[in-house]
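**Student:** With the hints as constraints, model all of the structure from the sequences given.
Which chain is which? The protein sequence lines are D and Y, in order. Per my numbering: the first sequence = residues 27 to 493. Per my numbering: the second sequence = residues 27 to 493.
Take the hints with a grain of salt, since some may be wrong.
Which copy is meant is left open, so a pair is good if it fits within one copy or across any two.
Unchecked claim - Below, a list of computed lysine-lysine pairs in the DSSO-like style, where the Cα atoms sit at most 30 Å apart:
no.	residue 1	residue 2
1	Lys305	Lys322
2	Lys464	Lys28
3	Lys341	Lys456
4	Lys341	Lys464
5	Lys35	Lys341
6	Lys280	Lys305
7	Lys220	Lys28
8	Lys305	Lys75
9	Lys78	Lys341
10	Lys28	Lys389
11	Lys341	Lys322
12	Lys341	Lys75
13	Lys39	Lys341
These are computed hints drawn from the structure, not numbers from a lab.
Number of protein chains: 2
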Amino acid sequence: MKKLVGSLKEAIKLCGLEDGMTVSFHHHLRNGDYVLNMVMDTIAELGYKEIKVAASAVFPVHEPLINHIKQGVVTQIDTNYMSGPVGEAISRGLMSNPVVFRTHGGRPRAIETGELPIDVAFIAAPSSDCYGNINGVDGPSACGSLGYAFPDAMHAEKVVVITDNLVNYPLTPISIDQTRVDYVVVVDSIGDPKGIVSGSTRITRDPVGLTIARYAAEVIEHSGLLNDGFSFQTGAGGASLAAAYYLKKFMKEKGITGSFGLGGITGYFVELLEEGLFKTLLDVQCFDLDAVRSIKANPNHQEISASFYANPESKGCAVDKLDIVILGATEIDTSFNVNVHTDSNGIIMGGSGGHSDTAAGSKLALIVAPLIRARLPVLVDRVLTITTPGDTVDVLVTERGISVNPKNEGLRERLTEAGLPVVDIHELKKKAEALTGKPNPIKTGGKVVAHVEYRDGRIIDTIKNTE
Amino acid sequence: MKKLVGSLKEAIKLCGLEDGMTVSFHHHLRNGDYVLNMVMDTIAELGYKEIKVAASAVFPVHEPLINHIKQGVVTQIDTNYMSGPVGEAISRGLMSNPVVFRTHGGRPRAIETGELPIDVAFIAAPSSDCYGNINGVDGPSACGSLGYAFPDAMHAEKVVVITDNLVNYPLTPISIDQTRVDYVVVVDSIGDPKGIVSGSTRITRDPVGLTIARYAAEVIEHSGLLNDGFSFQTGAGGASLAAAYYLKKFMKEKGITGSFGLGGITGYFVELLEEGLFKTLLDVQCFDLDAVRSIKANPNHQEISASFYANPESKGCAVDKLDIVILGATEIDTSFNVNVHTDSNGIIMGGSGGHSDTAAGSKLALIVAPLIRARLPVLVDRVLTITTPGDTVDVLVTERGISVNPKNEGLRERLTEAGLPVVDIHELKKKAEALTGKPNPIKTGGKVVAHVEYRDGRIIDTIKNTE
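**Tutor:** If you want it as structure tokens, here you go:
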């Protein structure tokens, strides 16, 4: 069985790709990814039409998709996150078919249940052997975990590995193995290392961000959950990392050791692991070079699949074992619904990723956000787009006050007793509006450009075009 | 989601087991296994009937199965290997339904294609957390690789983990993960370490065995395959290990480094890895404590699934990448067909395991056997049971001569030129019979007690009862 083929063109033909089929991509190379573009360019060149692109995320680097959409090569997009020109163009009404936004847990659910069948998965692989054993930890384009590529590899009809680092058989360690891979194509480069991982993620130095971070850590301190064996997830944003910095101080002071850190992993989490403050990292995606180094070398830094991370219909996902998560928001409303899909002009600039999965699974979901951003309140009557339903959000932390979801009365009392600036969310909104005035509502058009699908498959919102 | 249940009984009920269903087991605990018996005893106690047992192997320790068969609790067995009292009783006609013998590659093929659907897989786990992340490398019953359990975990309707070493969530490293496991049951002990792994496997000291081993190594030396990057598999038998000992000498003399060692792994192979003579071990099963220690610590010692190892219908199995395999035989015939299922009395005492898979996949399949064993020739006109078809066997090596399959004319010439005692297989048989006389044919009865299914699903032989 010969899997190594001479070109992408040959691999695509061997896979039997046809008009109307679905091709998939993972996003571990993020804004450094060359693979989605090279595959879609080749598919366009070969004359295919009406392809559905199921990419776990779409980044600014994927701007060439716009032309493929205009040419009818791509007519559907299914993704968990979308930033940059593609999202902007779609918001302006580029596509006839609405984008389907899923979550990091909803995507593997849809793939495994057959709701999102994949005909050909194209998997960018930082290392591969000739038989398609791959990992993400070695090679010039090393990105660490390949977590989001697992469901595609497990369930796609055909799987094509694209690598710039072909090694002798057999590759070790193996992330996705030869039993899942049909063809291997070697290319000059699968990505730009500068776009794949940042050199190192850093905590914020902005005083507003630091205040939010300190409050967030104090909320956790008084939540009743900061005990030995607690588990934690935080994003790579500056304020989230700063919150982790304060949390670390509290853990050291109190002699508390956590069990696992989850999700996208940063060097900051690696430090917590290496200092013994957490016992394990469960890593679906590495955000920086320190995380890549660690996942390669440390047996307690475990690569996990997207299904393991967050699929609500797998036999058990890690978000359900999560105590505390810190999340961001572009908007949050007085019912605690959070929007991370659209910006203050209504334009698509993100997506859930694991936002709604972790909020639903964790015991304590904290939203950290500046109360006022670019002279607009973050807190509104009704978010334009619901990414994460308010009943899964526990606390909003801003620099001007902390609001607790009314469902958590006990927590509200504890935080108030601890002297934290707890404010009713409607009061907090008034505070913001006193400073900024009440912003004009965002104007959207009449065309549905995207559906927001919750992790369980329900459509919980739609996104309209902007004018 | 609570997976940890109080007893095996409870787990079985929660799984919805019904009469006529199929339960499965893996055999990494070998003759030390407590799990198959404790599960089947509980199933019997609960009053179930007509259960099919799909066990990757059956050992002497599983003698209690006989009573479950007599009581009608177990009415079908599907396995790759069977030694001890169960095989003897079946040979005497114990069961109404013939046993289905598969190969280590054929079993995952049958599971994945749906030919062998599993209702409940019971997986003995040397370590597990409360969510069913398991590995075989830690705990009092550590057995190393869990390779044969992977297809069961991936495809069974329900999966029950049985462990004697419950650790905090999340376990690392993870072999089979939480997304595949429904219930976890903690028991006092899953096995007897003395039966699970031998302290250390040793090469033979028997002069006949050493002669065979030296010839085998010389056949390899002159095969044209002993080049940098060659791959190799050998069993844990004394003569096979001795052949590896001589091979190692040749490799060192010639400065040759192999790529991978495959299959069941012994401490001897670990030595080759640690001395840099092989770069990687692909391990579906650890035979001794050295192998267990190595797979836990050495990233180049990779656990692989049964499908990765040998499934001919996966997208690529490792036996197809294998250069050389050394295998045993209880009988071999002048058409090079090999029997490792039945003994000289026709009684079931083994099975293919990976025998026919590796013979089919490798470039050079060597059978090593003493020409005369227990005063009977190993070489016969026609084996009683075909385990491995002769067209996949390349060379027979005995202490009294080497026979090359006529399909390998070039090899025969090279070995002859090298001065090895190459003999036509019919001549070799005459030699044996000159010493032992022509043995009486084995008498079998009229009842089919087992089917031998080849790796691709074809029935290639049947086994009759003995009288």
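**Student:** All hints are to be evaluated individually against the structure, with a verdict given for each.
**Tutor:** Against the structure, the hints:
In this assembly of identical chains, Lys305 and Lys322 lie within 30 Å of each other by CA distance both inside one copy and across copies; the values are 16 Å within and 18 Å between. Neither within a single protomer nor between protomers do Lys464 and Lys28 lie at most 30 Å apart by alpha-carbon distance, with minima of 65 Å and 47 Å respectively. In this assembly of identical chains, Lys341 and Lys456 lie within 30 Å of each other by CA distance neither inside one copy nor across copies; the values are 44 Å within and 61 Å between. Neither within a single protomer nor between protomers do Lys341 and Lys464 lie at most 30 Å apart by alpha-carbon distance, with minima of 46 Å and 60 Å respectively.
In this assembly of identical chains, Lys35 and Lys341 lie within 30 Å of each other by CA distance solely across copies; the values are 20 Å between and 38 Å within a copy. Only within a single protomer do Lys280 and Lys305 lie at most 30 Å apart by alpha-carbon distance; the minimum there is 17 Å, versus 46 Å between protomers. For a Cα distance limit of 30 Å, the shortest separation of Lys220 from Lys28 qualifies neither inside one copy, at 34 Å, nor across copies, at 43 Å. With identical chains, the CA atoms of Lys305 and Lys75 are never at most 30 Å apart, being 49 Å at best within one copy and 46 Å at best between copies.
Taking the shortest Cα distances, Lys78 and Lys341 sit within 30 Å of each other both inside one copy (29 Å) and across copies (25 Å). Proximity of Lys28 to Lys389 under the C-alpha cut-off of 30 Å is restricted to the inter-copy arrangement: shortest distance 16 Å between copies versus 49 Å within a copy. Taking identical chains as interchangeable, the C-alpha atoms of Lys341 and Lys322 lie at most 30 Å apart whether they share a chain (27 Å) or sit on different chains (26 Å). In the homo-oligomer, the alpha carbons of Lys341 and Lys75 lie at most 30 Å apart only across protomers (28 Å), although the nearest pairing inside one protomer, at 37 Å, exceeds that limit.
For the homomeric pair Lys39 and Lys341, the shortest alpha-carbon distance between copies (18 Å) is at most 30 Å, but the shortest distance inside one copy (36 Å) is not.
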